[in-house]
Structure formats: structure tokens, C-alpha cells
Amino acid sequence: MADKIATREAYGNALAEFGDKYPNLVVFDADLSAATKTGVFKKKFPDRHFNCGIAEGNMASVAAGASTAGLIPFFSTFAMFAAGRAFEQVRNSIAYPHLNVKIGATHAGISVGEDGATHQCCEDIATMRSIPGMVILNPADAAEARLAVEAAINYEGPVYLRFGRLALPVIFDENYKFEIGRGVVLAEGTDVSIIATGLMVHEALAAREILAGEGISAEIINIHTIKPLDTELVIASASKCGAVVTAEEHNIIGGLGSAVCETLAGAVPTPVLRVGVEDTFGRSGKVPALMEMYGLTAANIVAKAKAAIALKK
Amino acid sequence: MEQAKKAELSRIATNIRMGALTAVFSASSGHPGGSMSIADIMAYLYFSEMNVKPEDPKWEDRDRFVMSKGHTSPALYATLAEKGFFDKELLTTFRQADSILQGHPDMKAVPGVDMTTGSLGLGISAACGMALAAKHTGKTFRVYAAVGDGESEEGQVWEAAMFAAHHKLSNLCAVLDLNGLQIDGPITEVMNPTPHDEKFRAFGWNVIVINGHDFDQIESAFEAAKKCTDKPTVIIANTVKGKGVSYMENQVSWHGAAPNKEQYEQGMAELAAQL
Ligand SMILES: Cc1ncc(C[n+]2csc(CCOP(=O)(O)OP(=O)(O)O)c2C)c(N)n1
Ligand SMILES: [Mg+2]
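Protein chains in written order, with our numbering: chain S, 1 to 313; chain D, 314 to 588.
None of these hints come from the bench; they were simulated from the model. Be a bit skeptical, because a hint or two may be false.
Unchecked claim - Partial selection, computed: residues in chain D whose CB lies under 10 Å from chain S:
no.	residue
1	Ala320
2	Arg324
3	Asp419
4	Pro424
5	Asp427
6	Met428
7	Gly431
8	Ala440
9	Leu445
10	Thr453
11	Trp471
Yeah, the Cβ is synthetic: ideal placement off N, Cα and C, and Gly gets one too.
Please model the complete structure; the sequences and the hints are all you need to start from.
What follows is the structure in C-alpha cells.
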């Protein structure tokens, strides 16, 4: 297996890589270019990188204005400040006029680790998902993060890209196809459908092995685009398996789990159990300890899968 | 300024006020006070200062205008109609469910609107983004923005002020509509944002203070703004909220209230007399 790399790192590298191909690409930062990894782009294209200082609301609206004059702005900060602090600017300056702005939000979720609750945003998918026309991409590894960046550049309109701080194994190779709005079946199965996003895709794949050892066949679906959700795939997999588990590094309220429930409730009512942060705030700690503490593990997915299967009928 | 030009701008400004009043009356809602105070500035911007093409509203080299105080959309719509971006008749559809004229400006719906606004504090930042983009792409268009004095209580206005000075956006010219009133009362009583001149100067801006109803002063301010090549400019325009309609002048209550038929007719008659 290749070296571990965080999706935020892949994001910075992708910006620098695609900067050549897309000359209108510019990057805005709010004093976090070292952490968001946009510093890589800044180093290569210093005159296409603009620091806004610690003023995220202004940054979002500035990016909106810049996009009206033909630039493709990415603005970056932590998910907490992009989707939280600047929510209203994202909604009113960017999304309402459907402007071509990309939001590169890093440090999403519990895996921020030591910085603790103020920096562990588990609400960003919920806020972004509630905005009409917003596209939400949540890549599971570095390869997918790179593809997500290019897809966002080629998509005309607002895109929220969610990246993590934690270094992860790379699971997708150069043959992997990425299309906005298209979920990916990573493994077929028949007993339970595990629909995962972001770093929980890794846990879902591990859960599948454990379940297989117990004679349970789990289908694994990677949802890199939380909005627009691949409802066709979700409905098909739920219909086939009859039980669903969702897994995300986000509050179980308002994220992927909610989106899947909303989809299935009106189409093929199916038992759905959600793995995620259970409506609580995070805390400081080493990431593995926190993942354990908040149930963001393969073991919890396995337990929820069995419980979901038990609810079938 | 030549007498003939002044008379012409004055006539246009009065038409803008009449159009704004008609829009608000037709909708039975909207914001007349701040539309009246900014009308002379709007007339000067669109009929003397800005390089725009009503027949090609998205022309990429056009000068941009952002109504950061988006609630005064009646002044913007009346100006755009006066300039020929769309039919004046449309003003009577303001705020109706089947109209393109939303309560607050929608750039996707209305020809000539360069930025969607309505949430105070956001427009001036967007104007900064446009000015930055112009500099970055080597374009020579200028960006104008109208900011309310009440609006200047928003922290984001000062984030934008910092940004514009830091990035030397000399192609940006903001107009602060210093009419002294906001919704809950005089700005100095609600949350005193003054002195604007010293604040903007401290933030690194070129500051010009004028009477916002005097076309000579308006002209020299915009001319001086263009000569400043290393800083953004703010024109602090002392204005009268409700200007031109006697019963609205300096009245807090006319910030966001529509006239009844009688009041409308009186207002239109007073304005017509100024033509
Ligand atoms: C962020 C935000 N908060 C509150 C409002 C509601 N609001 C609309 S107009 C206004 C007062 C604005 O006063 P000022 O900026 O002085 O405008 P003007 O006097 O030119 O009409 C307020 C509070 C808003 N539109 N946006
Ligand atoms: Mg005011």
C-alpha cells in the first residue's frame, strides 16, 4: 500500500497541478495556507494567491465578486469557518446567484484531533446541504481528492469540497473514475448496503471483511458527492439488500445518513442505521482514541449492520 | 460643472426618485428613504461616470456597480430603467411574485445588476473581489459600491476596508451614504459608527467628504478618486434620507414604509415640480 496522505494535502497539490492547465484558477486564504495546504499553490503561483487575513466572511464574498469577472476562485479555511462562520456569505453572496466559487474546506470532522471541539466541524454537510444548488464533494482518499478538485473546476457553479487533516491510505488507482453525482460501488453484496463517505469509506471496507468472516455479505458504496446524491444507486442498493448502514465523519443529523433516509423514505422504505457523530461536540485527543470514542470505527459499522439486518422484513 | 449638464443630471435624479417612489408605491412595500438619499449619486454614476452598455449588460469591460445597501433597490432599478437596461413599466411590478424585480437586487434576473445583495455588509466585499479580479486580469474597468451608514456597523465592511487597502484596490470607489438614519433611529443613537472619515483613513483609504446632493462636489469627488492610484477611495456623501419628498426628509419612519395613494400623489407632484 502506498504512503498515507491526507486529502487536504492532495487538495493543495491538485491546485498547484491544475494551476497550469486552468490559468483563471486563483486561491484565497484566511491565514491558514500552511494548514489547508494551499501554500503549495501559493509557492508555485504567488501572484494568483491572495491572503484575506483572518476574515472568512469577507473572503467568501470577495471570492464571489472575483468569480463575476471570469476568475475561478477557490477559497480555503477550516470547515468550521467556511461552512460555519461564513455560512451566510456562502448562501447569499455565492449560492443564491449560483456563482462559480469553490470552497476548499479542510479539517472537517473529528479527525482534526488535538485542537478539539471548536475546530472539529461535524455540521458542515448539514449547513451546505441545506443551500439550494450547492454541490458537496467529500473525497475518501488522496486520489479521489485530486479528481474532485478537477471536477469542481470543470463544473460551473458553487462547490463545497470537504477535506480532512488525517493522513489516510490511498485506495483508488489511476483507473478510478470520478463523476460528480455518481456514487461508486466498491464491493457488491446482498445482505446489507453500507453507504459511506470520506474517511469512513476505509472503515466500511474493513467492516466488510469482518462481516464476510461471519457469513454476511455487505455491499460497499462510496458516496463522494453528498449533493446531488446518487439517489438511483442508493435506492437500487437498498432495494437489493433490504437494510442500510450509513457512515460519515459528521453529525448523524443533516449529513449523508439524513440524505439517505430522506431518499429511501419516499421511495423504498428500508431500515437505515446511521454511523456518525451522535449529536454531540468533539473533544481533544489522539485521532484513533477519538474515532473509537465517537464510534467512527469498522466495529461500530459491523454492529450497526447486524442490527439493521435484524430490522429487515 | 456646466449648467446644462447639471440641469440634465438633476432632471435624471428626479426621474430616478419618481421611479423609485412608483416602485415602492406599486409594491406597497420597499425602502424609499435610502433610495431618495442616494439618487443624485446614482444619476451621476450611470449618466456621467460609468462606462456601461445597456444593450450589452454583461459586457466584460464595463464598469461595475454594487448596491451594497441592497434594500435601496428601488433607486438602482429606477436608474437602470432610466438608462435603458429595461422598460420603465417594469418598475410597477416591483416585489410581485411574477416580476424579475426582487425586493433586493438579483444579478441573475435583472439586466444591469452586477451583484446580488440585500444582506448588509456583503456587497462591499464582492466589490473588492471584482476590483481585485480587474487588477489581476489587467482590465481597466472600475468598481463602484454604495454602502449605507447603518450598514457600516457590520464588521464585514471593515474586513473589506482592510482588504481593499491591503491589496491596493485603487480601481474601487465606495460611496458611503451618510444620511444619518437606520431602522431603529439615528445612527449615532443606535450604534455610533462615526467618524467615518477618520476610520477609513486609518484603514488606508483615500477619503473624500462631500454634500451628496451637490453635482459639482459629486463630480470633483469621482474625478479625484480616479487620480488616486495607490489606494481605494471612499466618498463620504452627506445626504438627506428621503430627499426630495417633503414628508419623508430626515424621517426614520420612511426607511422601509410605502406611501398610500394620497402620499404617493403628493410625493410625485413635489418631485415633478423639481423637474
Ligand atoms: C445583515 C443584515 N442585517 C439586517 C438587515 C435589515 N436591514 C435592512 S436595511 C437596514 C438599515 C440600513 O440602514 P442604512 O445602512 O443606513 O441604509 P439607508 O439609510 O441608506 O437606507 C437593516 C438593519 C439586513 N438587510 N442585513
Ligand atoms: Mg442610513
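> Any hints this thing doesn't respect? Which numbers, in order?
Replying inline: 1, 2, 4 and 10
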